[in-house]
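Take these sequences, add in the hints, and give me the full structure.
2 protein chains.
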Amino acid sequence: MRMLINVPESVVPDALRGMAAAHPELTVDVDRRIVVRRDAPVAGKVALVSGGGSGHEPLHGGFVGPGMLDAACPGEVFTSPVPDQMVAAAAAVDSGEGVLFVVKNYTGDVLNFDMAAELAEDEGVRLAKVLVQDDVAVTDSTHTAGRRGTGATLFVEKIAGALAAEGAPLERVADTARRVAESSRSFGVALSACSTPSKGGPMFELPPGELELGVGIHGEPGRERRAMMTSGEIAQAAVDAVLEELPSQQPVLALVNGMGATPLLELYGFCGEVHRVLAERRVPVARTLVGNYVTSLDMAGASVTLCPADEELLRLWDAPVRTPGLRWGV
Amino acid sequence: MRMLINVPESVVPDALRGMAAAHPELTVDVDRRIVVRRDAPVAGKVALVSGGGSGHEPLHGGFVGPGMLDAACPGEVFTSPVPDQMVAAAAAVDSGEGVLFVVKNYTGDVLNFDMAAELAEDEGVRLAKVLVQDDVAVTDSTHTAGRRGTGATLFVEKIAGALAAEGAPLERVADTARRVAESSRSFGVALSACSTPSKGGPMFELPPGELELGVGIHGEPGRERRAMMTSGEIAQAAVDAVLEELPSQQPVLALVNGMGATPLLELYGFCGEVHRVLAERRVPVARTLVGNYVTSLDMAGASVTLCPADEELLRLWDAPVRTPGLRWGV
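Protein chains in written order, with numbering that gives the first Met the number 0: chain A, 0 to 329; chain B, 0 to 329.
Chain B stretches covered by chain A per the calculated footprint, using a threshold of three residues with CB under 8 Å from any CB of chain A: (1) 50 to 61; (2) 228 to 237; (3) 254 to 268; (4) 292 to 303.
I should point out that these hints are in silico values taken from the structure, not numbers from a laboratory. Built from N, CA and C at the ideal position, the CB exists for glycine as well.
Structure, rendered in C-alpha cells:
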C-alpha cells in the first residue's frame with residue numbers, strides 16, 4: 000500500500016480537516032461532512048448542492064465557491080453520501096430562492112438525493128434535481144442503471160453555477176443544467192487500476208501492457224480490455240465513441256481529464272491528439288480544459304468529455320468562478 | 000509501461016502541441032520548444048524566463064502568463080533545456096527592461112542558463128539570475144552541488160512575477176526573487192518511484208511498504224529509506240526538517256505539493272497534518288496552496304515548502320495571476 004494516509008477509516012475526515020486549513024473561504028463541517036461557501040446563503044440566489052463518493056477530487060468539494068456550487072456532501076470513498084448530509088447542506092445554503100441538486104447517475108446517489116429532496120421539501124425548501132449521465136461506454140454498469148455520470152458533472156456545475164450567480168430563477172437554472180447534462184458525453188480509459196484505502200490494493204486487475212477502454216470512475220468495467228495503444232489511438236477511440244452519441248456537433252467545450260495518476264505532461268500530449276481527431280472529424284473546439292478534475296484516486300488514464308455549446312453556454316462557461324479546483328475571471 | 004504517450008521520443012513536442020491547442024493565450028513554439036505569453040514583450044515590464052527538464056508540470060510552462068513567467072523553456076524529460084532555447088525566449092520577451100532567469104539548482108540548468116545569459120547579454124539584453132536551492136534533504140546530490148531546487152521555484156516565480164507586473168525595475172525584481180529563494184525551504188517524500196518514458200519503467204526501486212524520506216524531484220535519493228509511515232508521521236518529519244533550516248519563523252506561505260500520482264484526497268489529508276504540526280511548533284500559516292504543482296511524473300508522494308512572508312511578500316503572493324497552472328484575482 001503506497002498511500003499517504005493515517006488509517007483507512009479516517010481518510011475522508013482527515014481530508015476535510017485539510018480543506019478547512021487550506022481554504023478559509025469555505026466552511027467545512029467535518030462532523031456532518033459538508034463543505035459550504037462561507038458567505039452562504041447568498042441572498043436572492045438559487046443554491047447548487049452536489050455530492051457523491053469521495054475519491055474524485057477536486058469534484059465536488061473543490062468546486063464549492065462563487066460561480067459554482069454552494070455546498071458539497073462527500074461520502075466515504077466511492078460511496079454515496081447520506082440524505083442527512085444533503086438536507087443539512089440544502090438548509091445551510093437556501094436563501095429562499097430554492098436549491099438545485101446535481102446528481103451523478105449511480106444508484107446510491109440517486110436514491111439518497113431523492114430521499115433528501117423529499118425531506119428538504121418537507122422543510123419548505125424548493126427543490127429541483129438534475130441527473131448527470133454522460134458516459135457512453137456502457138448502459139447499465141456495476142453501480143448504475145443507464146449511463147454513468149462522470150466528467151459532464153463539471154460542465155453542469157460550472158454553467159448552472161454561473162447562471163445562478165446571475166440571479167436566474169430555479170426553473171431556469173434547472174433547465175439549463177439539464178440541457179448541459181443531456182447534451183454532454185464522455186468516454187474514459189484506464190491504464191492502471193485505482194486502489195481504495197479500505198481495500199488497500201487495486202480495485203481490479205489490469206496487467207501492465209493492457210488498458211481498459213470505457214472504464215468508469217470507480218474502476219467499473221468498460222467496453223473492452225485491449226493491448227496497450229498509443230495516445231493517438233486512444234484519443235481516436237475515445238473521441239469517436241463520444242461523437243457517435245453526441246446530440247449535436249456545434250462547437251464543443253472539451254474536457255481532457257486525468258484520472259489521477261497520469262502526469263500532466265502526458266495529459267497535454269493526449270489533449271493534442273484529442274484536438275487532432277476532432278479537427279479530422281470537423282468538430283470545432285470552442286474551449287478546452289486540461290487537468291485532473293474528475294478523478295479516480297490513483298488510477299492512471301484519462302477521459303474526454305464534450306458538450307456542444309451555443310453562445311449562451313459559452314458565456315456562462317467563461318463567467319467568473321472562484322473555487323479551490325476551478326478559478327478564473329475573479 | 001502504463002504511459003499515455005505515442006513514442007518516448009515525441010513526449011515533449013506532443014505535450015507542447017496539446018498546450019498550444021488548449022491555451023490560445025500562449026504562443027507555443029513546438030520546434031524551438033519555448034512557451035511564451037502571447038502579448039510578449041509587455042512594454043515597460045521586466046520579463047521572467049524559466050525552464051528546466053520536462054516532467055514537473057505544470058512547472059514551468061504552466062506558469063506562463065500575466066503575473067508570473069513571460070516564457071518557459073522545457074527540456075527533454077528530466078534534462079536541462081539548451082542555451083539556444085533560453086536565448087530565444089529572452090529575445091521574445093525582453094521589452095528593454097531586462098530579463099530575470101529563474102534557475103533551479105541542477106548542474107545542467109545552471110551551466111546552460113549561465114551560457115544563455117552571456118549570449119543574451121552579448122545581444123544587448125540586460126540579464127539577472129536567481130538560483131533556487133530550497134531542498135533541505137541533502138547537500139550535493141545526483142545532479143546538484145548544494146541544495147536542490149524544488150517547490151520554492153513556484154514561490155519565486157509567483158512573487159517576482161507579481162512585482163514585475165507592477166513595473167518594478169530589474170534590480171528590485173531580482174532582489175525580491177533572491178530573498179524568496181534564499182528564505183524558502185522544502186522537503187519531499189516518495190511513496191513510489193517515477194517512471195520516465197525513455198526508461199519505460201521505474202527510475203529507482205522502492206518496494207511497496209517502504210518510502211524515501213527527502214527524495215528529489217527526479218527520484219534522486221533522499222536521507223533515508225524507511226518502512227511506511229502514517230500521513231501524520233510523514234508531515235512531522237517533513238515539517239521538522241524544513242523548520243530546522245528555515246531562516247525565520249514569521250508567518251509562512253505553505254505549499255503542500257503532490258508529486259504527481261498521490262490523489263488529491265490524500266494530499267488534503269496530508270495538508271491537515273502539516274497544519275497540525277505547524278500549529279504545534281507555533282508557526283503561523285498565512286497562506287496555503289495544495290495541489291500538484293512541482294511534480295515528478297507519476298511519482299506518489301508529496302513535499303512541503305515553506306517561505307517566511309512579510310506583508311510585502313503576502314501582497315505579491317495575493318496579486319492577480321493568470322496562467323494555466325495557477326490562476327486567481329483576474
